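When you get a sec, could you build the whole thing from the sequences and use the hints?
Residue numbers (my numbering), protein chains in the order written: chain W, 50 to 427; chain D, 7 to 379; chain E, 163 to 463.
Check the hints yourself; a few may be wrong.
In silico DSS-like cross-links for lysine-lysine, where the CA-CA straight-line distance does not exceed 25 angstroms [to be verified]:
| no. | chain 1 | residue 1 | chain 2 | residue 2 |
| --- | --- | --- | --- | --- |
| 1 | D | 298 | D | 53 |
| 2 | D | 323 | D | 341 |
| 3 | D | 187 | D | 217 |
| 4 | D | 355 | D | 140 |
| 5 | W | 141 | D | 140 |
| 6 | D | 140 | W | 220 |
Everything labelled a hint here was simulated from the structure, so no lab data went into it. Owing to the predicted nature of the structure, the values given are computational and were not obtained by experimental measurement.
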Amino acid sequence: MNKTVFFRRHFSLAAGCVFFAVMACVPALLDFAGAARGGIAQLDILNKIGIYAALALSLNIVLGQAGMFHMGHTAFFAVGAYATAILNTLYKWPVFATMPVAGLFAAAFAFLVAIPIIHLRGDYLLIVTIGIVEIVGIALKNNIFGLTGGANGIYGIARPELFGLVFSTPKLQYGLIWGFTALSAGLFYLLEHSRFGRALNYIRYDDLAASGCGINVARHKLAAFTLGAFWAGMAGTLFAANIRTIEPTSFNFYESVILFAIVILGGSGSIAGVLFGSFLLIGLQDVFRGFENARMLVFGAAMMLMMIFRPQGLLPPRRRHYDAHAFMGKFPSALTPLPQSGLPTSMLSSAVLEDSLAAEARSKTATGNAKFGASCPS
Amino acid sequence: MKHLKIGITAIILMLSLTAAAFAGTVRIGLMAPITGAFASEGQDMRKILELMAEELNKAGGINGIQVELVVEDDGSTPRSAATAASRLVAAGVPAVIGTYGSAVTQGSQDIYDEAGIVQIATGSTAIRLTATGKKRFFRTCPRDDEQGRVAAETLRKQGFKKIAILHDNSAYAKGLADEAKQHIGKDAAVIFFDALTPGERDYSAILTKIKGAAPDVILFTGYYPEAGLLLRQMSGMKWSVPMVGGDATNNTDLVKIAGTEAAKGYRFISPPMPSDIDSPMAKIFLVAYTAKYGDMPNSIWSVMAADAFNVLVAAIKARGADSAAIADYLHTSLKDMYCLTGKISFDEKGDRIGDLYRLYEVDEQGKFVLQPR
Amino acid sequence: MEELFQQLTNGLAVGAIYALIALGYTMVYGMLRLINFAHGDLFTLGAYLGLTLLAAFALEGKMNGLAVGGALIVMSMGLVALVGYLLERIAYRPLRNSNRLTAVVSALGASIFFSNAIMLAYGARSQVYPGGILPTTAIAFFGVEIPLMRILMFIGAIALMLALYWFIHRTRIGSAIRAVAIDQGAAKLMGINVNSVISLVFLIGPGLGAAGGVMVGLYYGEIRYDMGFSFGLKAFTAAILGGIGNIPGAMLGGLLLGVIEALGAAYISIAWKDAIAFTVLILILIFRPTGLLGERVADKL
Numbered sequence: 050m051n052k053t054v055f056f057r058r059h060f061s062l063a064a065g066c067v068f069f070a071v072m073a074c075v076p077a078l079l080d081f082a083g084a085a086r087g088g089i090a091q092l093d094i095l096n097k098i099g100i101y102a103a104l105a106l107s108l109n110i111v112l113g114q115a116g117m118f119h120m121g122h123t124a125f126f127a128v129g130a131y132a133t134a135i136l137n138t139l140y141k142w143p144v145f146a147t148m149p150v151a152g153l154f155a156a157a158f159a160f161l162v163a164i165p166i167i168h169l170r171g172d173y174l175l176i177v178t179i180g181i182v183e184i185v186g187i188a189l190k191n192n193i194f195g196l197t198g199g200a201n202g203i204y205g206i207a208r209p210e211l212f213g214l215v216f217s218t219p220k221l222q223y224g225l226i227w228g229f230t231a232l233s234a235g236l237f238y239l240l241e242h243s244r245f246g247r248a249l250n251y252i253r254y255d256d257l258a259a260s261g262c263g264i265n266v267a268r269h270k271l272a273a274f275t276l277g278a279f280w281a282g283m284a285g286t287l288f289a290a291n292i293r294t295i296e297p298t299s300f301n302f303y304e305s306v307i308l309f310a311i312v313i314l315g316g317s318g319s320i321a322g323v324l325f326g327s328f329l330l331i332g333l334q335d336v337f338r339g340f341e342n343a344r345m346l347v348f349g350a351a352m353m354l355m356m357i358f359r360p361q362g363l364l365p366p367r368r369r370h371y372d373a374h375a376f377m378g379k380f381p382s383a384l385t386p387l388p389q390s391g392l393p394t395s396m397l398s399s400a401v402l403e404d405s406l407a408a409e410a411r412s413k414t415a416t417g418n419a420k421f422g423a424s425c426p427s
Numbered sequence: 007m008k009h010l011k012i013g014i015t016a017i018i019l020m021l022s023l024t025a026a027a028f029a030g031t032v033r034i035g036l037m038a039p040i041t042g043a044f045a046s047e048g049q050d051m052r053k054i055l056e057l058m059a060e061e062l063n064k065a066g067g068i069n070g071i072q073v074e075l076v077v078e079d080d081g082s083t084p085r086s087a088a089t090a091a092s093r094l095v096a097a098g099v100p101a102v103i104g105t106y107g108s109a110v111t112q113g114s115q116d117i118y119d120e121a122g123i124v125q126i127a128t129g130s131t132a133i134r135l136t137a138t139g140k141k142r143f144f145r146t147c148p149r150d151d152e153q154g155r156v157a158a159e160t161l162r163k164q165g166f167k168k169i170a171i172l173h174d175n176s177a178y179a180k181g182l183a184d185e186a187k188q189h190i191g192k193d194a195a196v197i198f199f200d201a202l203t204p205g206e207r208d209y210s211a212i213l214t215k216i217k218g219a220a221p222d223v224i225l226f227t228g229y230y231p232e233a234g235l236l237l238r239q240m241s242g243m244k245w246s247v248p249m250v251g252g253d254a255t256n257n258t259d260l261v262k263i264a265g266t267e268a269a270k271g272y273r274f275i276s277p278p279m280p281s282d283i284d285s286p287m288a289k290i291f292l293v294a295y296t297a298k299y300g301d302m303p304n305s306i307w308s309v310m311a312a313d314a315f316n317v318l319v320a321a322i323k324a325r326g327a328d329s330a331a332i333a334d335y336l337h338t339s340l341k342d343m344y345c346l347t348g349k350i351s352f353d354e355k356g357d358r359i360g361d362l363y364r365l366y367e368v369d370e371q372g373k374f375v376l377q378p379r
Numbered sequence: 163m164e165e166l167f168q169q170l171t172n173g174l175a176v177g178a179i180y181a182l183i184a185l186g187y188t189m190v191y192g193m194l195r196l197i198n199f200a201h202g203d204l205f206t207l208g209a210y211l212g213l214t215l216l217a218a219f220a221l222e223g224k225m226n227g228l229a230v231g232g233a234l235i236v237m238s239m240g241l242v243a244l245v246g247y248l249l250e251r252i253a254y255r256p257l258r259n260s261n262r263l264t265a266v267v268s269a270l271g272a273s274i275f276f277s278n279a280i281m282l283a284y285g286a287r288s289q290v291y292p293g294g295i296l297p298t299t300a301i302a303f304f305g306v307e308i309p310l311m312r313i314l315m316f317i318g319a320i321a322l323m324l325a326l327y328w329f330i331h332r333t334r335i336g337s338a339i340r341a342v343a344i345d346q347g348a349a350k351l352m353g354i355n356v357n358s359v360i361s362l363v364f365l366i367g368p369g370l371g372a373a374g375g376v377m378v379g380l381y382y383g384e385i386r387y388d389m390g391f392s393f394g395l396k397a398f399t400a401a402i403l404g405g406i407g408n409i410p411g412a413m414l415g416g417l418l419l420g421v422i423e424a425l426g427a428a429y430i431s432i433a434w435k436d437a438i439a440f441t442v443l444i445l446i447l448i449f450r451p452t453g454l455l456g457e458r459v460a461d462k463l
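Next up, the structure:
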């Protein structure tokens with residue numbers, strides 16, 4: 050195989066491995082640097098970033114890959130967190146046992162609400178997903194089914210425990226959370242490069258053409274939505290076990306906005322971008338503490354400026370590289386007609402299939418054809 | 007004489023330097039909602055504590071040791087509170103004052119507990135906070151059940167039979183509403199119980215509905231902006247039914263929002279304001295506060311933070327800046343200390359002892375007048 | 163029956179404000195297909211500037227209450243329109259040719275920026291319009307007392323909307339706005355200065371929002387730095403309900419949302435009022451995916 054292509058193709062994978070290896074060393078580095086109390090403050094922020102990164106990765110499937118305007122992801126996060134909290138405090142399930150169930154609850158909920166709305170497009174889907182967050186928040190506040198504890202929420206959630214090891218210190222939680230985030234990144238990487246992931250990208254780029262190619266658009270969107278919710282539900286378990294007190298305001302619309310911004314600002318559809326975005330948006334809120342009352346003012350301004358100067362996102366998805374030569378090698382008959390077409394093989398071997406987002410970014414936005422005043426002649 | 011004074015101060019200073027683990031200054035943490043839904047309360051808490059620390063340092067600090075305030079923003083959410091708590095633990099403070107919201111306090115309780123740091127909450131009234139047996143958790147504010155009992159008793163004394171209870175679905179207001187409902191006995195009936203959405207402006211739909219139920223009195227357990235709007239809109243509807251509120255409506259802005267005319271006759275129960283406390287400490291405090299900020303404190307909760315500071319200073323003065331020693335002092339030695347909101351002592355759970363609540367009524371000038379017991 | 167009528171008037175009064183704010187969302191959307199999330203905060207800014215102007219010119223008591231209100235609305239509209247214009251120039255124009263969601267995030271950032279800027283300038287506490295500016299007389303209708311100011315506010319909001327409708331459909335500039343909304347490229351070829359038209363929309367939309375802000379401040383008295391969020395979300399919902407990009411749709415959606423909320427609170431549950439409103443929205447979108455008056459099929463992403 051051509052070396053450059055191999056390198057280009059697997060660059061993200063390698064970079065990801067390096068990144069998570071570095072993250073694994075962070076607690077040791079903090080100890081080495083002599084951070085106060087074992088770096089409790091730094092680890093707390095990193096834990097928060099880790100949870101949001103996993104969450105944003107699950108949103109990335111829906112928003113970044115399938116291109117659905119989904120601004121209600123915290124609803125599913127909340128379902129997962131509450132499922133864990135209820136099962137743990139009321140039925141004494143161990144936290145880890147609640148994790149898949151939390152995911153399933155979130156997925157089932159997402160599936161049910163998505164069926165009627167999956168055909169909505171663009172901004173209509175956006176407002177509906179916002180509506181879902183608001184409805185879930187109101188339901189939690191009103192102590193729905195008598196289980197959610199109303200505005201007080203649920204407290205006293207146990208620490209996660211595995212084979213006698215209790216994840217109680219910030220350091221152990223860090224390992225747990227970032228382990229989960231690394232797992233998420235790995236799985237979503239595989240998903241992105243699977244047949245399903247490619248189909249989602251096709252749908253985002255042109256759903257009409259995708260359905261013309263035999264992709265069942267509604268079913269793929271529904272699957273992406275449900276899958277994203279499943280993962281968000283599991284992230285909810287980690288959140289509940291990390292914070293140990295959950296209440297409705299932790300899952301409000303503002304948190305959804307932050308998640309949405311992480312994906313878009315990081316570079317929608319790019320795993321590296323989403324990870325970077327989580328560091329930036331969650332980390333910056335903390336870094337800006339020095340501004341005191343003006344903290345969120347600076348944060349809002351930073352959001353605007355980053356978009357103005359990097360409209361494509363901070364780390365947009367890399368172009369996808371395929372080893373066309375190797376691909377053709379699988380089908381020997383396909384290689385024979387090529388020389389006749391006059392296409393040099395050297396070009397073929399480094400053929401670049403552009404990712405849809407890059408193309409989309411360059412294509413101008415469709416000019417609006419909204420009509421003012423439906424009933425009047427224009 | 008002057009030399010002697012300096013000499014003694016120096017000796018005390020050196021002694022305490024060697025005796026305790028602090029050097030020159032003692033750091034006290036403040037965890038307050040500087041941003042988020044409770045931002046106005048948190049910013050008031052900081053204002054008041056900055057003043058207290060400044061005055062204390064001017065007067066020579068605690069046994070000559072200067073006090074340094076370390077402020078962290080809890081963002082009005084449990085999640086940010088956990089972060090703020092971690093930072094205060096890392097900053098190495100022996101004790102933390104705060105915070106306002108009960109759920110927010112809960113998000114931080116475990117972190118302080120595990121680090122062995124004393125926490126004195128100032129506005130977190132939920133009963134459950136002291137039910138888990140944390141040895142170093144205290145609060146200067148009373149609990150919901152106490153207020154609920156007093157609210158029910160107040161309504162009973164006034165002879166109301168048909169009571170409408172309105173809360174705002176916040177943890178605090180819902181808790182108080184539930185407690186009050188429980189304590190309203192057989193001789194009166196709760197004919198209406200529901201929640202408004204805080205942060206809106208128009209509550210006329212809700213008022214119309216309550217009016218349909220024809221209650222003798224409305225008990226509103228939420229916060230002052232909504233209480234003010236309700237009063238204003240009730241008078242706009244030309245409907246006059248008495249309204250009684252909880253301590254979260256003890257804020258002078260209520261009258262501004264409602265208008266003096268509409269606010270007249272509104273009653274609420276609350277711990278007494280410093281201006282109604284007959285103690286030299288309260289008088290000195292009010293003078294200093296007015297001199298620095300040109301106004302009286304708006305909210306009783308920021309004054310609760312000031313009292314948390316007062317008891318902490320007393321503890322550090324007596325036992326030094328060590329968490330265990332402070333907690334022990336507050337549990338065992340602090341008895342009926344005269345502070346800005348009345349006498350303070352703590353029980354074994356860390357709750358404040360004593361019946362604190364008084365009834366206030368708004369008069370023709372829009373002033374809050376303490377009612378005789 | 164009386165109560166039903168009373169609740170209807172309650173709903174219409176709130177709905178008129180929603181509709182007024184919804185116009186700003188819908189105009190900007192129709193032009194740029196951008197959800198201007200900062201619009202709710204421009205509404206708040208309008209309310210605060212109204213308060214500042216009232217104090218700065220010491221208008222209170224100098225003239226008739228209604229005249230004071232009118233003067234405040236006009237001045238605040240002008241200032242906020244200017245802010246809206248700057249917002250478009252700085253935060254949206256550089257992004258006009260990028261992915262649509264990029265501008266949405268920029269708008270979200272602007273929203274956080276404005277609400278916190280207001281908090282820094284005026285404080286986190288509620289601010290209060292001085293009472294007694296407006297007359298407090300009430301008028302009896304079918305046995306129901308309705309405050310005169312509510313009726314005037316309702317009429318004022320409707321009048322502003324009708325003026326806008328007339329402006330868009332009966333003037334030359336209005337045709338230019340419609341032309342740009344339909345096809346920017348073609349409009350450019352017709353000699354329309356697309357940039358100025360878009361700037362104009364960003365003057366009108368936030369201006370109308372500011373009018374709503376001053377009305378809310380004058381009538382309800384209390385304003386807070388974060389009130390733009392709930393009003394903005396409701397108004398945006400109203401715009402979608404009516405069919406976003408459509409001016410009569412925003413008016414219909416706003417009034418309808420107000421009435422749904424009032425009736426939901428009255429006959430189902432106060433605590434679940436907002437959930438009821440959003441459920442109705444979702445149901446309407448399931449059966450009419452482009453809102454009540456939205457005719458066009460929403461474009462693909």
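A quick look at each hint next to the structure:
A threshold of 25 angstroms between alpha carbons decides the hint, and for residue 298 (chain D) with residue 53 (chain D) the separation of about 10 angstroms falls inside it, so the pair holds. The hinted pair formed by residue 323 (chain D) and residue 341 (chain D) meets the criterion: a straight-line CA distance of about 15 angstroms does not exceed 25 angstroms. Annotation: proposed proximity of residue 187 (chain D) to residue 217 (chain D) holds, straight-line Cα distance about 19 angstroms (limit 25 angstroms). Distance restraint check for residue 355 (chain D) and residue 140 (chain D): the Cα-Cα separation of roughly 7 angstroms lies within the 25 angstroms cut-off, and the hinted pair is therefore satisfied.
With a C-alpha separation of about 22 angstroms, the suggested pair residue 141 (chain W) and residue 140 (chain D) falls inside the 25 angstroms cut-off, and the hint holds. Note on residue 140 (chain D) and residue 220 (chain W): the hinted pairing holds, with a Cα-Cα distance of about 23 angstroms set against a maximum of 25 angstroms.
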